[in-house]
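Going down the list, the sequences are from chains A and B. The numbers in the working numbering rise by one with no breaks, and the one at position 164 of the first sequence is 164. Add 258 to a position in the second sequence, counting from 1, and you land on the number used in the working numbering.
The set of hints was computed from the structure by calculation and includes no laboratory data. A hint or two may mislead.
[To be verified] So these bits of chain A aren't anywhere near chain B, every CB distance computed over 12 Å:
1) 87
2) 143
3) 177
4) 193
5) 222
6) 245
7) 247
[Stated by the list, open to error] These stretches of chain A come out as covered by chain B in the derived footprint (C-beta under 8 Å, 3 or more residues):
8) 117-131
9) 237-243
Bear in mind the structure is a predicted one, so any value in this text is a computation, not a measurement. By construction, the Cβ of each residue, glycine as well, lies at the ideal position given by its N, Cα and C atoms.
The chain contents come next:
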Amino acid sequence: MTDTPLLKVSGVSKFYGSRIGCKDVSFELWPGEVLAIVGESGSGKTTLLNCLSTRLMPTAGSVEYRMRDGNFRDLYHMSEAERRFLMRTDWGFVHQNPADGLRMTVSAGANVGERLMAVGDRHYGKIRETASDWLTRVEIGTDRIDDQPRAFSGGMRQRLQIARNLVTGPRLVFMDEPTGGLDVSVQARLLDLVRGLVNDLGLSAIVVTHDLAVARLLSHRMMVMKDGHVIEHGLTDRVLDDPREPYTQLLVSSILQV
Amino acid sequence: MATPLVVSEVFKSFTMHLRDGIKLPVVNDVNFSVASGECVVLGGPSGIGKSSILKMLYGNYAVDAGQILVDHKDRIVDIARADPRTVLDVRRHTLGYVSQFLRTVPRVSALDVVAEPLVARGIAAPEARDKAAELLAKLNLPQELWTLPPATFSGGEQQRVNIARGFITSHRILLLDEPTASLDAINRRVVVEMIADKKREGVALLGIFHDEEVREAVADRVLDVSQFSPRKAVAA
């Protein structure tokens, strides 16, 4: 067990005027740990994810990230350029809609290669080789490397988005409803893929989902949000098998059995 | 070396908020310990709280009060109060659990399901798979099933995968929730032998066995869980 967290979040709040987006959220994320944030639509989970990933400036609180040199930096005291560089190299962000995370009119290979060029790779042959390797890892045939994601199915697009994010070897990946728009057979394949990659690469991840089965399969730890507040927090199987809060019990008892 | 597992004054109830907040007491004032090389069997009728006790020890259920002390990497960890990260580390290295049912993951082969706890401890995948194959062979799981995901296996086949997964590591404490329930006589005997091996290695075992023959063969003592049942007090 390493004894330094990767991310330290303290007292993060976001208000939209007088409305609460999320309020007073604090936690630490450790290397190799997958945290699921669950709750219904409007509970503040996406607001929180955006505040953590510098996509949205919180009203109050701080988010500190341990850089590769071992020093903690407050994300909101960095320059815009530094934040962007972090987003492109050390972090990944997997959007619910792959079109938000991909460039739809450039080839699959270029979508993956672009992130490599952002970290300074210039050798075309090498970039193409790495891109093709990553397409294989996310189970996309290498004969599709020159096709645009426009020509891909929803599941393939999502897998391509994952490849694009992981190619630079990020240490932290944010995922917003990664299986949201996919049908169930495609979901199972994607989840299994993500689970395998997270284990193999030792990634830390924060996954926002309203699907408790996704949380069960992917995460170690879970936070339940309601009306912008974290109402329950603990080991994933503990929260799901022995939910303590009324709202968590409602969520768990609402799962359909097949 | 400290006693591997000590349970002290543990209370557990469920509050059903969706049912007008009724409180269902499960167990009161649970006290016991399990020594190294000992197999303690939880006894008593169904619904008395045996599985709940195992789940509390594994950190699956929260407890209302009391301590669950585990000797983990030469320090004592209280599972009842430990943070999720510590509980996961305890599960990875010290505390194993064979559940009644296997939770299958799509597309992962039986061999990899069994090897996973070793891989999680940093052992190389080929070596872990060899060990997994050895255990599956010992439990008479047909070799043609090894590369298939266990979702479509029969109850007895899934249970053997589950047992192999639980026994593959050298955890110092092993919790067993009816590991022999859906096994035939031959495989029950294999499991009894595997438990005997674990005892010789100094593992502390705590289990639920409804099968009397198995219980007789493995138990060093039977702990009657009805003594902790709040219902007993009501009935009296």
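Against the structure, the hints:
no., hint, verdict
1, 87, "holds (26 Å)"
2, 143, "holds (23 Å)"
3, 177, "holds (19 Å)"
4, 193, "violated (9 Å)"
5, 222, "violated (9 Å)"
6, 245, "violated (7 Å)"
7, 247, "violated (8 Å)"
8, 117-131, "violated (count 0)"
9, 237-243, "holds (count 4)"
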